[in-house]
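Each chain is listed here by its residues.
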Amino acid sequence: MPRIRVEVDGTTYEDDVEPRLLLVHYLRERLGKVGTPVGCDTSNCGACTVLMDGMSVKSCSVLAVQADGSDVTTVEGLGVDGTTHPMQRAFHEEHALQCGYCTPGMIMASLDLLRENADPSEEEVREGLEGNLCRCTGYQNIVKAVRRAAAEMREPADQEVTP
Amino acid sequence: MSENGQHPDGQHPDGQAGNGHHGFGRVPRKEDARFIRGRGNYVDDIKLPGMLYGAILRSPHAHARLVSVDTTAAEAHPQVRAVITGETLTGLNLAWMPTLSNDVQAVLATDKVRYQGQEVAFVVAETHYAARDALELIDVDYEALPPVVDARKALDDDAPVIRDDVEGRTDNHIFDWEAGDAEHTDRVFGEAEVVVAQDVLYPRVHPAPLETCGIVADMDKVTGKLTVHTTTQAPHAHRTVYALVAGLPEHKIRVVSPDIGGGFGNKVGIYPGYVCAIVGSIVTGRPVKWIEDRSENLMTTSFARDYHMRGEIAATRDGRIRGLRVKVLADHGAFNGTAQPTKFPAGFFHVFTGSYDIEAAHCAVTGVYTNKAPGGVAYACSFRITEAAYLVERLVDVLAAELGADPAELRMRNLLRAEQFPYSTATGWEYDSGDYPRTLRTALDIAGYDELRAEQAGRRERGEGPLMGIGISFFTEAVGAGPRKHMDILGLGMADGAELRVHPTGKAVLRISVQTQGQGHETTFAQIVAHELGIPVDDVEVVHGDTDQTPFGLGTYGSRSTPVSGAATAVVARKVRERARIVAGAMLEASPEDLEWTPGRWAVRGDPSTGVTMQEIAMAAHGSLELPEGVEGHLDATTVYNPPNLTYPFGAYVAVVDVDPGTGKVTVRRFVAVDDCGVRINPMVVEGQVHGGLADGVGMALMQVMAFDEDGNHLGASFMDYLLPTAVECPSWELGETVTPSPHHPLGAKGVGESATVGSPAAIVNAVVDALRPYGVRHADMPLTPANVWRVVQGRPFRTDLAIP
Numbered sequence: 001m002p003r004i005r006v007e008v009d010g011t012t013y014e015d016d017v018e019p020r021l022l023l024v025h026y027l028r029e030r031l032g033k034v035g036t037p038v039g040c041d042t043s044n045c046g047a048c049t050v051l052m053d054g055m056s057v058k059s060c061s062v063l064a065v066q067a068d069g070s071d072v073t074t075v076e077g078l079g080v081d082g083t084t085h086p087m088q089r090a091f092h093e094e095h096a097l098q099c100g101y102c103t104p105g106m107i108m109a110s111l112d113l114l115r116e117n118a119d120p121s122e123e124e125v126r127e128g129l130e131g132n133l134c135r136c137t138g139y140q141n142i143v144k145a146v147r148r149a150a151a152e153m154r155e156p157a158d159q160e161v162t163p
Numbered sequence: 164m165s166e167n168g169q170h171p172d173g174q175h176p177d178g179q180a181g182n183g184h185h186g187f188g189r190v191p192r193k194e195d196a197r198f199i200r201g202r203g204n205y206v207d208d209i210k211l212p213g214m215l216y217g218a219i220l221r222s223p224h225a226h227a228r229l230v231s232v233d234t235t236a237a238e239a240h241p242q243v244r245a246v247i248t249g250e251t252l253t254g255l256n257l258a259w260m261p262t263l264s265n266d267v268q269a270v271l272a273t274d275k276v277r278y279q280g281q282e283v284a285f286v287v288a289e290t291h292y293a294a295r296d297a298l299e300l301i302d303v304d305y306e307a308l309p310p311v312v313d314a315r316k317a318l319d320d321d322a323p324v325i326r327d328d329v330e331g332r333t334d335n336h337i338f339d340w341e342a343g344d345a346e347h348t349d350r351v352f353g354e355a356e357v358v359v360a361q362d363v364l365y366p367r368v369h370p371a372p373l374e375t376c377g378i379v380a381d382m383d384k385v386t387g388k389l390t391v392h393t394t395t396q397a398p399h400a401h402r403t404v405y406a407l408v409a410g411l412p413e414h415k416i417r418v419v420s421p422d423i424g425g426g427f428g429n430k431v432g433i434y435p436g437y438v439c440a441i442v443g444s445i446v447t448g449r450p451v452k453w454i455e456d457r458s459e460n461l462m463t464t465s466f467a468r469d470y471h472m473r474g475e476i477a478a479t480r481d482g483r484i485r486g487l488r489v490k491v492l493a494d495h496g497a498f499n500g501t502a503q504p505t506k507f508p509a510g511f512f513h514v515f516t517g518s519y520d521i522e523a524a525h526c527a528v529t530g531v532y533t534n535k536a537p538g539g540v541a542y543a544c545s546f547r548i549t550e551a552a553y554l555v556e557r558l559v560d561v562l563a564a565e566l567g568a569d570p571a572e573l574r575m576r577n578l579l580r581a582e583q584f585p586y587s588t589a590t591g592w593e594y595d596s597g598d599y600p601r602t603l604r605t606a607l608d609i610a611g612y613d614e615l616r617a618e619q620a621g622r623r624e625r626g627e628g629p630l631m632g633i634g635i636s637f638f639t640e641a642v643g644a645g646p647r648k649h650m651d652i653l654g655l656g657m658a659d660g661a662e663l664r665v666h667p668t669g670k671a672v673l674r675i676s677v678q679t680q681g682q683g684h685e686t687t688f689a690q691i692v693a694h695e696l697g698i699p700v701d702d703v704e705v706v707h708g709d710t711d712q713t714p715f716g717l718g719t720y721g722s723r724s725t726p727v728s729g730a731a732t733a734v735v736a737r738k739v740r741e742r743a744r745i746v747a748g749a750m751l752e753a754s755p756e757d758l759e760w761t762p763g764r765w766a767v768r769g770d771p772s773t774g775v776t777m778q779e780i781a782m783a784a785h786g787s788l789e790l791p792e793g794v795e796g797h798l799d800a801t802t803v804y805n806p807p808n809l810t811y812p813f814g815a816y817v818a819v820v821d822v823d824p825g826t827g828k829v830t831v832r833r834f835v836a837v838d839d840c841g842v843r844i845n846p847m848v849v850e851g852q853v854h855g856g857l858a859d860g861v862g863m864a865l866m867q868v869m870a871f872d873e874d875g876n877h878l879g880a881s882f883m884d885y886l887l888p889t890a891v892e893c894p895s896w897e898l899g900e901t902v903t904p905s906p907h908h909p910l911g912a913k914g915v916g917e918s919a920t921v922g923s924p925a926a927i928v929n930a931v932v933d934a935l936r937p938y939g940v941r942h943a944d945m946p947l948t949p950a951n952v953w954r955v956v957q958g959r960p961f962r963t964d965l966a967i968p
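First to last, the sequence lines map onto chains A and B. Each step along the first sequence adds one to the number in the numbering used here, with nothing skipped, and position 136 is 136. Counting from 1 along the second sequence, just add 163 to a position and that's the residue number in the numbering used here.
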């Protein structure tokens with residue numbers, strides 16, 4: 001069995017894994033990181049989205065062995081010392097979740113979206129989240145939440161250039 | 164509260180209230196705290212010591228005789244702990260289980276398989292991967308039989324008999340059911356100046372909650388207690404059914420419904436996988452987890468709709484609707500597992516007279532078996548009201564086209580007026596309250612209807628593409644099942660309990676029988692208590708989903724939580740408030756009759772400075788204060804709420820679409836939704852419910868379908884084929900509201916969760932058909948995919964429920 005070394009939410013793990021083990025199952029079943037759920041079996045829904053070396057991936061479509069040497073961030077790794085990340089807060093404030101099942105993946109995909117585009121338009125948010133299905137919210141409040149978080153996350157940078 | 168309130172951007176003028184808030188309003192959700200951190204507790208997150216994993220072997224055939232099942236190789240797999248077959252279950256008298264529609268359903272096939280994906284064997288193994296591996300080692304010998312795929316041929320003389328498990332059965336007929344006055348309706352149709360008929364298919368779709376169905380079954384052989392953690396919308400009903408089916412005493416069964424990743428009616432019934440996992444736990448003595456994957460969910464759990472309807476509408480030449488006549492062929496699949504009140508085999512389909520003052524109406528529904536998975540009632544249908552509302556709203560548009568009338572004006576002319584409520588319909592419903600013209604006017608105003616029509620006319624005149632269509636839907640819902648006398652599920656009356664306990668320090672615990680799947684009960688039910696007792700929302704903990712901890716009740720579906728359990732919560736809180744009044748009287752040495760309530764406080768009438776708060780009362784009720792004779796102390800109450808009637812929320816929707824006739828592509832440009840659900844406990848949550856339901860409407864109208872080929876192969880068995888709307892296909896919803904309280908509900912609140920799913924498909928289809936008017940199109944069946952619309956434009960529509968020939 002191949003041995004992998006992977007950093008997940010700031011902790012380094014070394015494990016022997018079957019080559020066929022999916023990253024999402026490694027996270028959930030081996031590490032107990034059950035905050036990242038599974039919503040489909042054809043890589044359409046995006047509920048399992050995590051960041052791998054900063055880029056969003058659908059962890060149901062990545063083998064755990066492929067994550068060897070990588071830095072993985074799940075929704076459980078956001079926020080510092082019990083605080084929440086601006087994206088998490090924005091989802092709460094804009095009522096951008098109901099059952100909560102797509103929420104972890106939606107939040108992680110949104111972070112990757114903002115990495116590429118710090119000030120997305122409504123249309124750009126919708127396009128950017130096309131890989132994430134939600135059955136509850138009808139998306140509108142998610143779009144609002146992402147734009148709200150984007151504004152908040154831009155603030156420190158804006159302040160730097162403001163005299 | 165606003166009347167005709169219009170908040171196009173979804174913002175409410177009163178802003179957000181914090182959770183220190185004492186009642187109704189835009190209170191942010193308490194449950195978010197765990198979900199945004201990945202700290203929810205869904206069934207697949209549960210891990211118990213020694214837990215094993217189950218997997219199901221499924222039939223590749225739609226219809227086949229089961230010749231043999233050889234499990235030898237699977238049993239020899241080093242990680243396999245048990246393999247269960249139909250034969251195993253027969254020994255336990257569990258091979259078949261009762262359905263919610265007085266039929267039986269195979270748990271594991273014994274004689275035949277009757278749909279593709281049907282459960283044939285269950286493997287229990289040390290890991291989830293090993294369980295799947297072992298499925299490959301089971302050798303099943305099938306003898307293929309011809310399947311019944313087309314519901315319209317299910318009753319043909321030469322149709323293969325699907326249910327030959329029933330002695331003496333010679334056909335695929337399930338039931339005939341009718342409502343309304345056939346003779347009166349025929350008379351009205353005989354006299355009518357205008358009669359229009361239209362065949363309308365509401366194709367088979369699936370609720371597809373993002374979390375699939377699953378269970379962790381844990382039979383403790385020492386205590387004899389079975390604990391199941393499962394995705395159920397009705398935990399108490401599940402407990403009772405397990406007791407009846409498995410012969411376990413009900414007090415030794417605990418059903419826990421943890422966080423549920425969406426239900427939408429998919430998680431009401433009991434599925435074979437649950438029974439297999441329980442048997443697996445009994446057989447192995449260890450907990451067994453079974454979680455289905457997406458294709459299993461789509462292929463085998465409760466589908467929705469599949470109604471083949473022929474509707475007729477009778478009217479005067481000047482547009483007064485007089486009668487409706489409907490014949491329905493209902494495809495129920497291989498087992499009649501439809502989840503609905505016992506006396507209503509077609510659910511509440513007979514609210515199909517909709518929002519109109521109609522003299523006579525009649526419907527006849529025939530249910531048939533086909534070689535497909537069971538289900539029917541699911542996906543926010545409110546017991547078949549999706550079908551009813553879609554039919555009548557299509558018929559009104561067909562009539563408008565026939566008369567050359569504007570669909571908005573035709574509706575306005577026929578809508579029930581405020582003074583007609585309570586209104587008895589021609590099929591026997593008593594609508595509680597409504598002011599429909601006001602609501603339609605609000606929607607038309609938000610949409611700028613006249614300008615839209617002018618824009619459309621201009622575009623048509625100039626021949627500017629794409630084609631523009633405007634569609635209206637006005638619906639009346641019937642939710643909150645229901646009065647015990649008329650409504651039961653498997654003999655269990657549809658009343659719901661509530662228990663409220665106020666702790667010595669004034670914090671409260673509310674225990675309810677309903678089970679949220681994302682609708683926000685943990686917040687909104689706390690708001691009801693806060694509203695009634697004047698304590699902060701954060702001081703109320705809502706406990707639900709655990710049958711050991713909560714009072715009996717029928718669960719959450721049919722938008723029944725607010726109408727039934729919401730009412731129970733108000734009633735139980737008022738009981739506590741009255742007890743608090745007696746305690747306050749003893750504290751203040753005043754007669755309780757002389758006390759006056761202001762939120763959170765009982766005070767002496769005329770002397771507001773002499774009073775005590777709920778917190779002070781709570782402490783005194785648990786303290787040494789001498790209480791009047793007959794008052795036991797503490798501060799709690801229980802109740803069971805048996806609703807006197809359903810609630811009838813309603814709404815007016817306007818969709819604007821663009822259709823490219825060259826490709827058939829439909830774009831929903833705008834969608835205006837004005838909902839009236841009476842008093843809104845939490846407007847933010849209501850709006851979220853509406854948003855979600857509108858997305859369902861986009862999905863059903865434009866992309867979702869579960870079609871079958873001639874061999875009975877399921878053609879929508881994954882998210883590759885069964886398409887759900889993404890953020891890209893959904894427009895920014897434009898919402899409005901009117902408020903017409905329910906007179907019989909303690910809070911004036913009506914249900915709303917399913918309204919948008921019920922009301923929105925018709926608006927979109929009406930809009931697309933409106934866009935296609937230059938092509939002489941009168942109707943087109945859902946889903947209006949590009950291929951379908953293109954074929955409709957060519958004058959060659961196809962059957963959306965069957966494979967393209």
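Note that these hints are calculated values from the structure, not bench results. Only a predicted model underlies this, so the values are computations on that prediction, with no experimental measurement involved. Virtual Cβ for every residue (Gly too), placed ideally from N, Cα, C. Where hints are given, some of them may not hold.
[What the hints assert, rightly or not] Computed footprint of chain A on chain B; a stretch qualifies when at least three of its residues, placed anywhere within it, have a C-beta under 8 Å from a C-beta of chain A:
#, region
1, 336-344
2, 676-687
3, 784-792
4, 854-863
Hints, verified against the model:
{"no.": "1", "hint": "336-344", "verdict": "violated (count 0)"}
{"no.": "2", "hint": "676-687", "verdict": "holds (count 4)"}
{"no.": "3", "hint": "784-792", "verdict": "violated (count 0)"}
{"no.": "4", "hint": "854-863", "verdict": "holds (count 5)"}
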